[in-house]
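Participant: Work out the full structure: start from the sequences and follow the hints.
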Amino acid sequence: MSNTPRKLFIQGVLDALPLIVGGVPFGIIFGTLALNAGLDIWQTIGLSSIVFAGSAQFVAVGMIAAGTSLGFIVGATLVVNLRHLIYAASLLPHVKHLPQRWRIPLGFLLIDEVYAATYPNYLKNLNDKNNHWHYLGVGVAFYISWNLATLVGIFFGANIDGIANWGLDFAMSATFIGMVMPHLINKPMVGGVLTSALLAVLTFSLPHKIGLVISSIVGMGVGYAIEQWSSPKELS
Amino acid sequence: MNIWLLIALMALVTFTIRYALYARANAVSLPSKLEQALKYSAPCVLTAIWIPAVLMPQGELALSLDNPYLIGATVAIIVALWKKNILLTIVTSMACFFAYKWLVL
Numbered sequence: 059m060s061n062t063p064r065k066l067f068i069q070g071v072l073d074a075l076p077l078i079v080g081g082v083p084f085g086i087i088f089g090t091l092a093l094n095a096g097l098d099i100w101q102t103i104g105l106s107s108i109v110f111a112g113s114a115q116f117v118a119v120g121m122i123a124a125g126t127s128l129g130f131i132v133g134a135t136l137v138v139n140l141r142h143l144i145y146a147a148s149l150l151p152h153v154k155h156l157p158q159r160w161r162i163p164l165g166f167l168l169i170d171e172v173y174a175a176t177y178p179n180y181l182k183n184l185n186d187k188n189n190h191w192h193y194l195g196v197g198v199a200f201y202i203s204w205n206l207a208t209l210v211g212i213f214f215g216a217n218i219d220g221i222a223n224w225g226l227d228f229a230m231s232a233t234f235i236g237m238v239m240p241h242l243i244n245k246p247m248v249g250g251v252l253t254s255a256l257l258a259v260l261t262f263s264l265p266h267k268i269g270l271v272i273s274s275i276v277g278m279g280v281g282y283a284i285e286q287w288s289s290p291k292e293l294s
Numbered sequence: 017m018n019i020w021l022l023i024a025l026m027a028l029v030t031f032t033i034r035y036a037l038y039a040r041a042n043a044v045s046l047p048s049k050l051e052q053a054l055k056y057s058a059p060c061v062l063t064a065i066w067i068p069a070v071l072m073p074q075g076e077l078a079l080s081l082d083n084p085y086l087i088g089a090t091v092a093i094i095v096a097l098w099k100k101n102i103l104l105t106i107v108t109s110m111a112c113f114f115a116y117k118w119l120v121l
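Residue numbers (the working numbering), protein chains in the order written: chain A, 59 to 294; chain B, 17 to 121.
Quick caveat, the hints were computed from the structure, so don't treat them as lab data.
Mixed in with the good hints, there may be bad ones.
[To be verified] Derived CB-CB ranges, DEER-like:
{"id": "1", "chain 1": "B", "residue 1": "Ala78", "chain 2": "A", "residue 2": "Gly129", "range": "26 to 34 Å"}
{"id": "2", "chain 1": "B", "residue 1": "Arg40", "chain 2": "A", "residue 2": "Ser263", "range": "33 to 41 Å"}
{"id": "3", "chain 1": "A", "residue 1": "Leu128", "chain 2": "B", "residue 2": "Leu50", "range": "28 to 36 Å"}
{"id": "4", "chain 1": "B", "residue 1": "Ala43", "chain 2": "A", "residue 2": "Asn188", "range": "20 to 28 Å"}
{"id": "5", "chain 1": "B", "residue 1": "Asn42", "chain 2": "A", "residue 2": "Leu181", "range": "35 to 43 Å"}
{"id": "6", "chain 1": "B", "residue 1": "Lys100", "chain 2": "A", "residue 2": "Ile202", "range": "53 to 61 Å"}
{"id": "7", "chain 1": "B", "residue 1": "Arg40", "chain 2": "A", "residue 2": "Leu184", "range": "22 to 30 Å"}
{"id": "8", "chain 1": "B", "residue 1": "Thr32", "chain 2": "A", "residue 2": "Ala123", "range": "19 to 27 Å"}
{"id": "9", "chain 1": "A", "residue 1": "Arg159", "chain 2": "B", "residue 2": "Thr32", "range": "12 to 20 Å"}
{"id": "10", "chain 1": "B", "residue 1": "Leu121", "chain 2": "A", "residue 2": "Ser60", "range": "49 to 57 Å"}
[Said to hold, decoys possible] To spell it out: a stretch of chain B is covered by chain A in this simulated footprint if at least three of its residues, at any positions, have a beta carbon under 8 Å from a beta carbon of chain A; those stretches are:
{"id": "11", "region": "24-37"}
{"id": "12", "region": "46-59"}
{"id": "13", "region": "90-97"}
{"id": "14", "region": "112-118"}
Please read these numbers as outputs of a predicted model, since none were measured by experiment.
All C-beta atoms, glycine included, are put in the ideal place defined by N, C-alpha and C.
Facilitator: See below:
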């Protein structure tokens, strides 16, 4: 019944490719901006390879450039990445049978794109015992591409005039839109997402990215509430 | 500031968030209501990130044709809903974004 590890790993790499197309420009602009903010080459490589958290790396570099103190940057990292805890909770039933030598790398690799690319595979192959190989394939492919893109930004960004103003960061928004839209197929999901969208604008000026947390949690609550109030027939 | 200390702390915080539940996966069981609510998490969180990036690229609401992020995002939304293909969504919306930014503005 189960697919082979090799087949699932390769399928994971293939499923990661569309999201990598969006991640690469974002990684390039990160490499460029980090140097502009005053980090050296190894520190920039360190952020992408050791922390491996696109949006948090972006936020941190912006805060370093603005002269923010260390404690606030670490706090912002916590807030910006807190959503990964939600992804972990959602994948928890699917990884609990694995030994720690699997859970540790799978945890390290748990970013938005990896979750978005591998979670549907768990739903599709519900009883497959090797689904963690798909997860690993997505994660490894994204990790390598993110770090290569950072290197490109480091070594070519400085030579290309004004690359920081090109708007390569739009790639992140395009990717996220592509990941969100397919979910908007019923009232609870639409209600939750619209709530998050509205609150994200209203709370944007709150300090330390706290608006992101408020918008996300309230949106989830609204989606859940609509689901509870609707009859099953209305949901489709 | 000690950048390497910052990187170490950021890595620690980030890894802890991602791994904490996995670490004790056998001992943790989530309430079923929470599990139901979690399916809304990714779309809501991602939207809370991209909406301000697109509507307020300079930190203030920019609902005008001078905002290429708004144009690109509109294309992305239409293509994503219409074709349901993430690669096509990313490629066409980025092409429109850059074309608009350089050729129109």
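Participant: Please go over all the hints and tell whether each is borne out by the structure.
Facilitator: Hint check:
1. B:Ala78 / A:Gly129: 26 to 34 Å: Because 32 Å falls inside the window, the suggested range holds.
2. B:Arg40 / A:Ser263: 33 to 41 Å: About 38 Å separates the Cβ atoms of Arg40 (chain B) and Ser263 (chain A), which means 33 to 41 Å holds.
3. A:Leu128 / B:Leu50: 28 to 36 Å: holds (33 Å)
4. B:Ala43 / A:Asn188: 20 to 28 Å: Roughly 24 Å apart at Cβ, these two residues keep to the hinted range, so it holds.
5. B:Asn42 / A:Leu181: 35 to 43 Å: violated (22 Å)
6. B:Lys100 / A:Ile202: 53 to 61 Å: violated (27 Å)
7. B:Arg40 / A:Leu184: 22 to 30 Å: holds (24 Å)
8. B:Thr32 / A:Ala123: 19 to 27 Å: At roughly 26 Å between Cβ atoms, Ala123 (chain A) and Thr32 (chain B) fall inside 19 to 27 Å, so the hint holds.
9. A:Arg159 / B:Thr32: 12 to 20 Å: Check passed, 18 Å falls within 12 to 20 Å.
10. B:Leu121 / A:Ser60: 49 to 57 Å: holds (53 Å)
11. 24-37: holds (count 12)
12. 46-59: Check passed, 12 qualifying residues.
13. 90-97: That given contact holds, which follows from 4 residues of the region 90-97 of chain B lying within Cβ reach (below 8 Å) of chain A.
14. 112-118: holds (count 3)
Comparing the model with each earlier hint shows violations of hints 5 and 6; every other hint is respected.
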